[in-house]
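Peer 1: The chain contents come next:
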Amino acid sequence: MQIAKRLSPLVFAVAVVGGLSGCATTANNPKDPLEGFNRAMFAVNEGIDVVVKPVAEGYDAAAPLPVKAAIGNFFGNVSDVWTALNNLLQGKPGAALSDVGRVLVNTTVGIGGAFDIASEMGLEKHAEDFGQTMGSWGVPDGPYFYWPIIGPRTTRDTLGWGVDTYVDPVRRVDDVPLRNTLLGVRFIDTRASLLASDKVVEEAAFDKYNYIRDAYLQHRRSEIYDGNPPREKEDTN
Amino acid sequence: MKPLLSLLFALFVAAGPVVAQEVGPDALVKKVTDDVLTVVRQDKDIQSGNTSKAIALVETKVLPHFNFQHMTALAMGRDWSKASPEQKKRLAEEFKTLLVRTYSNSLTAYKNQTVAYKPTKLQGGETDVIIKTEILQPGNKPVQLDYALEKAADGWKVYDVIVAGISLVTNYRDTFTQEVRANGVDGLILLLGNKNKQLETGKK
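As they're listed, the protein sequences go chains A and B.
Sequential numbering of the first sequence, starting at 1, is according to the numbering used here.
Sequential numbering of the second sequence, starting at 1, is according to the numbering used here.
Hints may contain errors.
Said to hold, decoys possible - Pairs of lysine-lysine residues, derived as BS3-like cross-links and limited to a Cα-Cα distance of at most 27 Å, are as follows:
hint, chain 1, residue 1, chain 2, residue 2
1, A, 92, B, 82
2, B, 197, A, 199
3, B, 141, A, 199
4, B, 141, A, 53
5, A, 208, B, 121
6, B, 121, A, 125
7, B, 111, A, 68
8, B, 88, B, 61
9, A, 199, B, 121
10, A, 68, B, 44
11, A, 31, B, 30
12, A, 199, B, 96
13, B, 195, A, 53
14, B, 31, B, 88
15, A, 208, B, 118
16, B, 118, A, 125
17, A, 53, B, 111
18, B, 121, A, 92
19, B, 30, A, 208
20, B, 111, A, 199
21, A, 125, B, 111
22, B, 197, A, 208
23, A, 199, B, 195
24, B, 82, A, 199
25, B, 31, B, 61
26, B, 197, A, 92
27, B, 141, A, 92
28, B, 30, A, 125
29, B, 141, A, 208
30, B, 30, A, 199
31, B, 89, B, 61
32, A, 208, B, 111
33, A, 92, B, 31
34, A, 68, B, 141
35, A, 53, B, 44
36, A, 125, B, 141
37, A, 125, B, 82
The hints are simulated quantities; they were obtained by calculation from the structure and are not laboratory data.
Working from the sequences, and respecting the hints, build out all of it.
Peer 2: Shown next, in the form of structure tokens:
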């Protein structure tokens, strides 16, 4: 403790100096050369979340589980169409066919996507997007970004996100109030689904920014390999 | 609290001899998961966020099957070899406390999820395997939860836990490397110790 106390002014001084020069030079992680910018955007998002999180918590507390499941299933069904196409683009016709089957079953028997009957039938849900498709084609990650609202994305996944958004059926709804309602509900539903991990991240992380970045990069790597990334052999000796 | 603890103890003692026999890694993961979920499903305190109760559960049911030395080595990467045996012991002890808390916290988030066990092709004779499971929850894509295990003299031991492709162990690599570079191995021990103290006093 004593040592910590004596050290803290020094640590503080180093942090300030490091922070000032941060934008230009100090990148601790080669995948994150724009750390200064990203940390600023991260702070912006933390600010926005002060408003968004209570709304998501309210939704989470108020909506009964079947309603939340139906809402999640509905948007999941919408996204399965794009997932199918991406699987096809990644050269996985079997998975693509299964996704098309999911949409057909869930839209009809699953009453417009409210019920995920297909999963119960053994048609597994996949999550594919254009960033993963480009990854499977060998397009490299590029520098890591932390964007306001959107959150973490590598350069490739930022482009992918642009394509995903462009083709997003929800954004193609002509009726503006309906479109905005759908976008709003989906945003809150997504935020609510992350509430459980908030506490874990808060407690596990020494530096929340770092923890989220490294988790995102690991998660995307795994997604590109469909959950079976090659294991990196460790040399700890 | 008391009856639960003694029940846990009884379960643990009962489970002991079974585990000591040749239990495959897949069977071990299934057994421990089932045992833990059985308790969590019936325990309203854990479900409403009682972390200390969840920690007690993890300490009795899960800890004996984890190898924290290996986990710490994995988290530190090359820096592990810079630590003296005494430092290694302290690092593993502090990292264990932190991981147990994280793991226990995720148990308090439990809401009707079920676990599916993916078939693992074991040839026999392996000493290092990954066992894949999936957390299923209504309205959400299944979350992949994988365990890396290695064979030790006293049975299979988990040395990595991977959630949705994110290793809860190697996710610390960057932070640990930076800390060792800045303040040495003792700096990292201090960092972990302070974090644990802060979490301990901050809890309800």
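Peer 1: Give a verdict on every hint.
Peer 2: Cross-check of the supplied hints:
| no. | hint | result |
| --- | --- | --- |
| 1 | A:92 - B:82 | violated (46 Å) |
| 2 | B:197 - A:199 | holds (17 Å) |
| 3 | B:141 - A:199 | holds (20 Å) |
| 4 | B:141 - A:53 | holds (21 Å) |
| 5 | A:208 - B:121 | violated (37 Å) |
| 6 | B:121 - A:125 | holds (23 Å) |
| 7 | B:111 - A:68 | holds (13 Å) |
| 8 | B:88 - B:61 | holds (24 Å) |
| 9 | A:199 - B:121 | violated (35 Å) |
| 10 | A:68 - B:44 | holds (22 Å) |
| 11 | A:31 - B:30 | violated (37 Å) |
| 12 | A:199 - B:96 | holds (18 Å) |
| 13 | B:195 - A:53 | holds (25 Å) |
| 14 | B:31 - B:88 | violated (30 Å) |
| 15 | A:208 - B:118 | violated (32 Å) |
| 16 | B:118 - A:125 | holds (15 Å) |
| 17 | A:53 - B:111 | holds (19 Å) |
| 18 | B:121 - A:92 | holds (23 Å) |
| 19 | B:30 - A:208 | violated (32 Å) |
| 20 | B:111 - A:199 | holds (15 Å) |
| 21 | A:125 - B:111 | holds (20 Å) |
| 22 | B:197 - A:208 | holds (18 Å) |
| 23 | A:199 - B:195 | holds (15 Å) |
| 24 | B:82 - A:199 | violated (33 Å) |
| 25 | B:31 - B:61 | holds (10 Å) |
| 26 | B:197 - A:92 | violated (49 Å) |
| 27 | B:141 - A:92 | holds (19 Å) |
| 28 | B:30 - A:125 | holds (23 Å) |
| 29 | B:141 - A:208 | holds (25 Å) |
| 30 | B:30 - A:199 | holds (26 Å) |
| 31 | B:89 - B:61 | holds (22 Å) |
| 32 | A:208 - B:111 | holds (25 Å) |
| 33 | A:92 - B:31 | violated (35 Å) |
| 34 | A:68 - B:141 | holds (13 Å) |
| 35 | A:53 - B:44 | holds (25 Å) |
| 36 | A:125 - B:141 | holds (6 Å) |
| 37 | A:125 - B:82 | violated (45 Å) |
When the structure is compared with the earlier hints, violations turn up for hints 1, 5, 9, 11, 14, 15, 19, 24, 26, 33 and 37 and for no others.
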